[in-house]
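Number of protein chains: 2
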Amino acid sequence: MTESLARHLACIDCGGRYPLGYRLECERCRGLLELTYDLERLRKEGPALFSGTGLWRYAPVLPIADPAHRVTLGEGGTPLLDCPRLAAQLGVRRLLLKFDGPNPTGTVKDRSSATAIAAALQFGYRATSVVSSGNAGSSIAAYSARAGLRSLIFAYERASAPKLLHMAATTADLVIYQGVYDDLITLWDRLVEERLFFDCGASRNAYKQEGKKTLAYEIAEQTAFTPPDVVVAPVAVGETFIATARGFREMREAGWIPRVPLMVAAQATRANAIARAFRDGTPIRPLKIGYTVAEGLAAGNPGKKGEWVLRLLHDLKGLAGDAEDEEILDVQRLLARVEGVWAGPTGVATLAVLRRLLAGKQLDPAQTICVIVSETGLKTEAELPSRQGTAFDHDSLRRLVLERLGSA
Amino acid sequence: MTESLARHLACIDCGGRYPLGYRLECERCRGLLELTYDLERLRKEGPALFSGTGLWRYAPVLPIADPAHRVTLGEGGTPLLDCPRLAAQLGVRRLLLKFDGPNPTGTVKDRSSATAIAAALQFGYRATSVVSSGNAGSSIAAYSARAGLRSLIFAYERASAPKLLHMAATTADLVIYQGVYDDLITLWDRLVEERLFFDCGASRNAYKQEGKKTLAYEIAEQTAFTPPDVVVAPVAVGETFIATARGFREMREAGWIPRVPLMVAAQATRANAIARAFRDGTPIRPLKIGYTVAEGLAAGNPGKKGEWVLRLLHDLKGLAGDAEDEEILDVQRLLARVEGVWAGPTGVATLAVLRRLLAGKQLDPAQTICVIVSETGLKTEAELPSRQGTAFDHDSLRRLVLERLGSA
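Respectively, the protein sequence lines represent chains H and G. Just so we're aligned, residue 1258 is where the first sequence starts under the numbering used here, counting upward by one. Just so we're aligned, residue 1258 is where the second sequence starts under the numbering used here, counting upward by one.
Pulled out of the complex, with its shape left as it was, chain H reads as follows (with noise of 0.2 angstroms):
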């Protein structure tokens, strides 16, 4: 089917509630909103409620009402790969992972994005905008782009080339800004009440936010309903995880598992700002962060988010953890070699945390673990390569074919 079953806007602090809008927080209390479904209607149909493939296969689960503005790039769908070889490696009994890098864009924002817009489109908005460290400018580019929806994006200076060379292809209009995604966030959070464009941004907006839940639900899908013991999802202000989170407890409460994955919030240490306070058991403490190698995760001041992820971290009995520039950019290397997956630290930030909170025996190895790598390799920018080919002929091509390979 492809109704959609979403029926409020709900508060996550005061439980207010409102009709499906473009509303951005509680009238009341200005908390956070998320969407809430008919659970009914999911505990009696189950999973047989969905169909087709990638992300608009969970339609019913997504709150954009009519087929024609579900918009899409073919986003969605990714592979949860069975890593045995690392495993192995770092001593986990059951390793996989949910590789977001064969996405559109090449990243999980297009989870968000094809939401974000198909919202856009929903409530009658002809232009978008972001601010972004590359990988959300770029999607929400692509995807207004798709839908015939202007863009305005501002994108972070030190993103990665590759990153800025496809902002700068998928949008007429981009700017690049100057310091790191908090010196702009928040004015321009400010901007978004004045509706001049749809806020697709990760602050605030549900609808744009929900997108990503269906990381859960392919999870879930994907084992057969035994979902893994252990998810370790990035964190940068929360969107991902907290969607993740949101999409296993609603799984659920609609009874379709027996229990939500022990959630794992993975930051880089240059911007760890939520997990310095789970350590701490302290509100969370704005930091002034410079650059990180992990791109996509350089925010130190999540904002109400935080607090959000902070939360769920507290009531599912998750953990927080983070790694160094060194470490993500170790594991990176060891995941291309040793499983063939090529992915931008970013993406690896969580698999460098894991080992970490694996070294430091807070997660049982004997668990079956899933981390969520949720961006492609091909955004890394470094320098290039030498150029100098070699030139060969018959006889020493076939001598350093045996010299290389002669033993293998």
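Hint data in this document are derived by calculation from the structure and do not stem from the laboratory. The beta carbon of each residue, even a glycine, is placed where N, CA and C say it ideally should be. It is possible that part of the hints are untrue.
Where chain G lies over chain H, by a calculated footprint (3+ residues, C-beta under 8 angstroms) [stated by the list, open to error]: (1) 1315-1321; (2) 1346-1359; (3) 1437-1445; (4) 1620-1626; (5) 1649-1656.
Knowing the structure of chain H, use the given hints to seat chain G on it.
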């Protein structure tokens, strides 16, 4: 079902038949070999034969018997995108893009790498090798790593930076060669005979080529077995074109589809040996070529595969065409802005050729045309965009937004 219905290797020249071993050419006449299947079963059971997702959904029409050998990184299952806005710009009734960018390494090569490496396992090899302009190299390296095999990758010295970085990440044995593909492939093809590695080249290995046949099966399923009137496929040596045409022919012979679409072979003008021969009605005359932005199409001497392409064009009453580098880059930008699809020059050469054939009235614009776009744009190298960011305060940000989006 997961049983393979492959039955023989058959010579495309003399019809000689061989059991399913590792054999690269006909013993009698040195002709190329193709795989044959149990057509009776295909006819009787129909598409219900297929189950699961991704490339191995099509295991019954692939030549890998043991499911344990079916290596995967989540390839296949890529979107078929209806592109109404671009169709209007090109003046065709309906335009479908088979976008193979969302594959694990960003290109169509992952389809053939999956079956190539599976065959390497099937035949007991421990090492693989390929001569590549960049995409095949990183794909073969990735799948070899995934299967625990060594890979010796020869890469074109002018391959884009993202391709070189990708290859360096996924293999320990990367060798940059001088000159274009043609300079090395003849020497390398001779070395294949010594069986120091499994042949992952495009010249002869029927097991490798077979993976790309899934393009045809996916297009057919995605159109409910009423495939498009025209399919435009890229041609360097010819693997993608031949495999796609064979897939459609197989389905027609099994009675699944009424007819094979009109197949168009698309080349870069700077490497257009096949398109020239087709136009002039002559045998293929190998070209001495230089650089083309469509790096993956940079082959001047397609060898026997090229003759096979010509034969298929003749048998199926197809067409061939080519496009200049500037046309390719122009259509790359157009596609990104109009439909939000960021594809590489190698990928959009097909679209540029389509535009030329339409301008020359060689194709009927009232038909449904499907273009295979074989490569993500994330492997495109370009000069760095300016990294000079702008600092904003509330007023300057608001002014900018009004200026850009005030009229949206």
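Q) Looking back at the hints listed earlier, which ones does the structure fail to meet? A) 1 and 4
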